[in-house]
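Going line by line, the protein sequences match chains V and X.
Just so it is clear: in the first sequence, position 247 is 247 by the UniProt record's numbering, and no numbers are missing.
Just so it is clear: in the second sequence, position 94 is 94 by the UniProt record's numbering, and no numbers are missing.
Hints listed in this document are in silico derivations from the structure and should not be mistaken for laboratory results.
The structure displayed is predicted, hence computed values, not measured ones.
Treat the hints with care, as some may be off.
[Unchecked claim] Quick list of in silico lysine-lysine cross-link-like pairs, DSS-like style, CA-CA up to 27 Å:
(1) Lys178(V) / Lys194(X)
(2) Lys285(V) / Lys19(X)
(3) Lys194(X) / Lys109(V)
(4) Lys109(V) / Lys114(X)
(5) Lys79(X) / Lys111(V)
(6) Lys111(V) / Lys194(X)
(7) Lys2(V) / Lys194(X)
(8) Lys111(V) / Lys91(X)
(9) Lys109(V) / Lys79(X)
(10) Lys227(X) / Lys109(V)
(11) Lys178(V) / Lys114(X)
(12) Lys229(V) / Lys19(X)
(13) Lys114(X) / Lys111(V)
(14) Lys223(X) / Lys109(V)
(15) Lys171(V) / Lys91(X)
(16) Lys109(V) / Lys91(X)
(17) Lys178(V) / Lys109(V)
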Amino acid sequence: MKLYEYMGKDIFRREGIPVPRGQAFFNSAGVADFAASLPAIVVKSQVLAGGRGKAGGIKFPASATETEVAAQELLATVIRDLPVHAVLVEEKLKIDREYYVAITVDGGKRKPLVIASAQGGVDIEEVAEEHIVKFHVDVHAGIQPHFGREVARRMGLPAAESKQFSELLVKMYNLFRKYDAELVEINPLVLSSGKLIAADAKLTIDDEAAFRYPEWLPSVEERTERELKAAAIGISFVELDGEIGVMANGAGITMATLDIINHFGGSPRNFMDAGGGAGTEATAKALEILLSTKPKTIVVNIFGGITRCDDVARAFAQVKETIGIPVPLVIRLVGTNEEAGVEILRQQGMSAYRSIDEAVAKAVELAAKEAV
Amino acid sequence: MAIIIDTKSVILVQGITGKQGNFHTSQMLAYGARVAAGVSPGKGGQEVHGVPVFDTVAQAMEQYPITASIIFIPAPGVKDAAFEAMSAGIKTLVIITEHVPLHDELDIMAYAEKHQVTIIGPNTFGIISPGQSKMGIMPNSIYTPGPVGVVARSGTLSYEIANNLTLSGLGQSTVVGLGGDRVVGLSFTEVLAKFEQDPTTKVVVLVGEIGGNAEEEASLYIKEMTKPVVAFLAGSSAPPGKRMGHAGAIIERGKGTFQSKVAALTLAGAKVAALPWEVAELVREALGE
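Between the sequences and the hints, there should be enough to build the whole structure, so can you do that?
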């Protein structure tokens, strides 16, 4: 889960990382009063899209009254398809230098990774490799101040800033661990009159750790209503724009099923990974979600391991009896409890393929017929 | 011969009394795996399919010469279960559970690295050495012993490919599932190195997918291998920027794309199959049949 900048900065503040004076507003009430207390002002729209500055999402009003107008305007805009629900009104910093610092996870090395550069303020991907410092972290040692001093030295920071930087990195790392973060990123980290201040805050929390933060229900969403519905039953679902509804069990096989649909000249309407071990209820709900996207045909590709074919077949039978299945349903069903599953389908007048290529070829053929 | 598990493996099941632990214990036993004991705190003294249940791992280890443990514990308890097994001295761990928090995975892997523990998963279907032993949730019927080593990131896709190999008369030495999470134990490269050393394995099949750079890293090692490698990758049709299930299966900023992986593997000398059912034919060619 990606947090909005103002949420990230609230956490930074709580953990002792310096941030500019600021406050989030969801409407323009109180904006002018707050802005009047700031020596210089910036208003930043709170969206999870990159490049919001270029898209006009950041304004520098000259007065408290202008700030109120700017807030009103921004709250009425849509940036890269995302409506702006909040603005952050902040003190505009005097910028002497801009740095980049982030902590993320390097899956290949199975370790946290610190990425830092003395060239901040731009997309880190655009910074030449020789100006980027990377250090892996041993989670048992954590980040002690010496680690931060070494990163600062390699970044080429002046000695006067080294202590501040290293204290900041220790706090960032502790926050990264404490909040189950996938990413903590400060870009830019600003040097303003000799002080290091986080001018931006990107914080992504690991969804799988959500159970540890019951008070933080996901308040930040970029998914469609159907995608949310699917997520609620533990199914990962992504809407695409083709014609053939797809359900499979496992991300790899689901992707391969989309690839095979393309291979036979069809187009998938969605990605739906019903996951491992989906029972009858979840599978039935998943099928209902698929039907609601009104595909021309549906192809189901189940290779049962932890998923049992009879559970899946029971789900199809249930949906057929209750709400009905108005489009052709092509099923490929093999693996654990296959015979029982095929028998349940047979009783409902449905049949199953054993091979994926035959099933997908049939689905593509049926979708093409529907199109005529 | 095989890699990681074989007929000598004595297996512990952590979470044996849960729905999945119970069901898959029966499947492992049916396959002939030596499941010696189970652990389920508070359920000590019970039996599951004739397998004795203990309250702690240490208690089970006092009774049986356990060499490997398979974990079916729900995600919030996986870190505790993995540390319990590792601190009791178990050196091979298969973690089936999905949705394990990332930071728990970091902690588990750091400890495993320091104590030379081999970890498969989390979020894996496990490992099977056909005809010898099985620690996992894969269907029993689709494997047969033979010379093909298989290593996969994705479970069901590997079933598809193993099943095709078996139907084509090509048996497997060992089939390993790395797991779909961003942080997992064994890597492609580590498993490839084990297959390279294993006398039974004559050819290796790598089943990968878009996202991350695990396949690109593996390519560096494939270049050094004496044994031929056949690969299949899922995700040729995936739109960029969409997250597709696995934490790994996302393409960002042109990295980890289908094209970059095919290019790296091809350059390293691997044969890349365009469709899953073409793998068996390429394996046959690699074996010189």
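Going down the list of hints, with the structure as the test:
no. : hint                  : result
1   : Lys178(V) / Lys194(X) : 37 Å, violated
2   : Lys285(V) / Lys19(X)  : 21 Å, holds
3   : Lys194(X) / Lys109(V) : 19 Å, holds
4   : Lys109(V) / Lys114(X) : 14 Å, holds
5   : Lys79(X) / Lys111(V)  : 16 Å, holds
6   : Lys111(V) / Lys194(X) : 23 Å, holds
7   : Lys2(V) / Lys194(X)   : 39 Å, violated
8   : Lys111(V) / Lys91(X)  : 21 Å, holds
9   : Lys109(V) / Lys79(X)  : 19 Å, holds
10  : Lys227(X) / Lys109(V) : 25 Å, holds
11  : Lys178(V) / Lys114(X) : 23 Å, holds
12  : Lys229(V) / Lys19(X)  : 25 Å, holds
13  : Lys114(X) / Lys111(V) : 13 Å, holds
14  : Lys223(X) / Lys109(V) : 20 Å, holds
15  : Lys171(V) / Lys91(X)  : 35 Å, violated
16  : Lys109(V) / Lys91(X)  : 20 Å, holds
17  : Lys178(V) / Lys109(V) : 21 Å, holds
In terms of the numbered hints stated before, the structure departs from hints 1, 7, 15, listed from lowest to highest.
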